[in-house]
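K.L.:
Single-letter residue listing:
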Amino acid sequence: MSELDDKIVNEFLVDSYEGLDRLDRDLVEIESSTGSSAAVVRAFRTLHTIKGTCSFFGFRRLERVAHAGENLLARVRAGELAPSPAITRVLLAVVDTVRSILSSIESTRAEAPGDDGPVLAQIAELTGAQDAAASRGPAGAGAKGATPAGGRPVATEPQVARVPAAAEPADDGTLQRANVRVDVRVLDGLVNLVGELVLARNQLVQHIARQDWTALQTSAQRLNHVTSRLQEEALRTRMQPISALWTRLPRLVHDVAEACGKQVALSMEGTDTELDKTLVEALKDPLVHLVRNAVDHGIESPEARLAAGKPAEGRLRMRAWHEAGQVHLEIQDDGAGLPLARIRERALERGFVRQADADHMSERDWISLVFRPGFSTATRVTSVSGRGVGMDVVKTNLERIGGSIELASQAGAGTRVRLRIPLTLAILPALLVEHAGERYALPQMHLVELVRVSARNLGARIEWLHDSPVYRLRGRLLPLVFLSQVLRGADPRRSPGRGLVVLRAEGRTFGLVVDAVHDTEEIVVKPLSERLRSADLFAGATLLGDGRVALILDVPTLARVAGVSGGEEGFAVAAPAVAGRGLLLVDLCGGGRAAVPLEHIGRIDELHAAEFEHRPGGSAARWRGEVLPVAPLSPAGETRAVPVAADRLYPVLVGRADGRSFGWVVDAIADVVTVEASPAVGGRLLLADRITDLVELAPEFTARFAEPSVASREAA
Amino acid sequence: MSATPAAVSGWCTFRVAGRLCGLDVTRVQEVLRPQPVTPLPLAPPAVRGLLNLRGRIVPAVDLRAVLGLPAPEAAAPAGHLVVFDGDSPVSLLVDAIGDVRRSGDCALVPVPHTLEGPARDLIAGAVPLPDDLLLALDLDRILERAFAGAGADPTTGRPPRPAGGTR
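Protein chains in written order, with this note's numbering: chain A, 1 to 716; chain B, 1001 to 1167.
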């Protein structure tokens, strides 16, 4: 095959793969909406295009299959046949056959020999005898004899067996991954910008020749401006709507639901939400897994649903949106929810949780067990149908791309999975730290907090438990990793370093000791050379403002290489009521003193009184690009009015609950104290000679306030 | 692929530890003055670090270390020879950069048996020039040798722990 032909065939393959994905979706729609004529027409056109092109290339087998499918669709379109599950099933079989032939063309440039008899025979069966002679292959007659009842020649058995295959993203070749469709307008914009860049360069050269200082400055500014816009636009070419990721889901839901004997209606919102192409690829598998889980384990059988007073058809809702520079993806089902009792039982039985800790654990803690590696395997081995088979893999995959996953469940009402994914991997906010005179970048998504200890004190405050260095952080023991030891094998006891950064990766929290902590910066990630790729400790490199190269540390590998153990998810060190906890002392608006445990505060900001906007439902302020509901902090949880009169800044404690932020307004921040003993009496303590209310600003407390305002935001 | 004498139209020459060496000129992208190099911890010893080549991040390989020659007395090497490693550039640190020598008039001869040491199989041959003897280096083997060990997995490739490490 000549190079030109090769190119054309490749284009045909890319087009066809896309067409097939669309076809999957349309066919499922045809079945569910009993004959949406638009979907039928679209499906017909797609098959017709494939048929036309392959007859041009001389792919006879492909042409025959596509033609037969087209015939069947033509009948549906003309209203001679009513859409039915049988027809959908056969048409989906056609799509699968076409897809397998295409992948053989992609790898060998020729159609693989194969028997399409059964598929053709089924179509003949449905369209009626007159067409059968034309389209039926030699094997068709035999197949017809073997299938007595009209329209169901394929037994359910093979259908079930095919489900995983349809879910496997590996079934289409590499071509689809290597090609990106770019909006022509984006391309035009790019070319224009490159034109401007050339212009700016020319001016710069001229001005340098003339040594015109002011003009030079203008050109440099212009160059700067064009470059940043070019960078932005170039990144946009990598952006894809999330529908590219979702296009397979209707088919997947259809197949899994059929295999499990369930009825599921899938709805998708926010299909045009864009994210980076590489992330689309990385999300494919986790998403398939989560959707299968939702249908398989989440949604109950029609009988069970009816018995529970729910409609027989389960609902699966996918939502995607941009928020705070991230892509949010939500998968919500209205099934039975997570079997918490069973998780609890299993966790205790398998020794994941000690009985003593079990009493302290919140529902959230129990749910988070689903992500523990061994845990999910255990449930599978005993064939308990709890969620969590491979959830640890999903979580790991997500963390690898800098995302996070959150599970919420309500018994009888359903489960909600929320994924948070960065927009792109190419640029990321990072904290720069220093070691041995070189700067290293730490991706900010792993950053928990910076601990400020004076250089002299750090060495003294590091304690050694059986050769494991730990640091006491608000009553918890934080395992430490020394960058000097990891990178150079230096002895940390001799020169411990001067800065402490708390990081979190793979469910572990640990402290990294570095020489110095610098600022945060948005860095452009550049991959390391192919030859050095296996240096796993570095996720890549970046260029700093002064042109120097800085390495990006891969935090999960750092945790693994250094062998950080312990400090596992949350409850390893169960904190008693107050002792040993860091408390923030605040003066309340309207008088009084309160103490808030530091671990419940995500951030402290200052907002001016004029920034609070007051609505009947509550007050809110614009904060870091989102709407932050605010209320004055009050120990009893009663509602007080946000101060309006004063012309001054108010400290706002930002807490999070259910992934939403909530701001607590206080009059002033007084102090941070650590209480050794626990003199709390009825929620009150004596601190600094003042009676102080202890406010447990835990997520549950915040959630009570966060809810109504969120509802109003969604309604808006 | 080793440099076949017939295919080489010219040699880009440079000096390493006093020896005149040459590389197929078509494999050389450019020559740079000394650049700041960011060290790359845990990399093979010959990899001195990374440098910024107009926005691309390029590994810098110390040719002396690859050839098993002693470290120079002087502080910094005199130049970087940026070569093609497939599509991605790699920078070689050398002592001094020389001219490009056409090879039309000078044929490649086998390496003398007397030449020994670890560098033996990194040399494709010798080119007798009127005034000097040029050692033609086999770039692919050099790069292979330089990056050998980069494939170790991080758990075994980690630095030795001091006695009584973190465990």
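Hints are not guaranteed to be accurate.
Said to hold, decoys possible - Label-pair distances were calculated between CB atoms; the ranges are: (1) 205(A) to 1071(B): 54 to 62 Å; (2) 1071(B) to 548(A): 37 to 45 Å; (3) 1068(B) to 198(A): 29 to 37 Å; (4) 215(A) to 1071(B): 46 to 54 Å; (5) 284(A) to 1148(B): 32 to 40 Å; (6) 1068(B) to 601(A): 20 to 28 Å; (7) 1045(B) to 452(A): 17 to 25 Å; (8) 1086(B) to 547(A): 56 to 64 Å; (9) 217(A) to 1140(B): 44 to 52 Å; (10) 472(A) to 1086(B): 32 to 40 Å; (11) 217(A) to 1068(B): 49 to 57 Å; (12) 1140(B) to 60(A): 31 to 39 Å; (13) 1078(B) to 519(A): 33 to 41 Å; (14) 1130(B) to 548(A): 41 to 49 Å.
Worth flagging that the hints you see were computed from the coordinates, not collected in a lab. Remember, predicted model here, so these are calculated numbers, not experimental data. By construction, the Cβ of each residue, glycine as well, lies at the ideal position given by its N, Cα and C atoms.
K.L.:
If a hint holds in the structure, say so; if it does not, say that too.
P.N.:
Hints, verified against the model:
1. 205(A) to 1071(B): 54 to 62 Å: For residue 1071(B) against residue 205(A), whose Cβ atoms are near 42 Å apart, the range 54 to 62 Å is violated.
2. 1071(B) to 548(A): 37 to 45 Å: violated (23 Å)
3. 1068(B) to 198(A): 29 to 37 Å: violated (48 Å)
4. 215(A) to 1071(B): 46 to 54 Å: holds (48 Å)
5. 284(A) to 1148(B): 32 to 40 Å: This hint holds: roughly 35 Å between Cβ atoms.
6. 1068(B) to 601(A): 20 to 28 Å: violated (58 Å)
7. 1045(B) to 452(A): 17 to 25 Å: violated (38 Å)
8. 1086(B) to 547(A): 56 to 64 Å: violated (25 Å)
9. 217(A) to 1140(B): 44 to 52 Å: Hint holds: Cβ distance 47 Å, inside 44 to 52 Å.
10. 472(A) to 1086(B): 32 to 40 Å: violated (51 Å)
11. 217(A) to 1068(B): 49 to 57 Å: holds (51 Å)
12. 1140(B) to 60(A): 31 to 39 Å: violated (46 Å)
13. 1078(B) to 519(A): 33 to 41 Å: holds (35 Å)
14. 1130(B) to 548(A): 41 to 49 Å: Between residue 1130(B) and residue 548(A), where Cβ atoms are some 44 Å apart, the hint holds.
The structure is inconsistent with the numbered hints 1, 2, 3, 6, 7, 8, 10, 12, although it conforms to all the rest.
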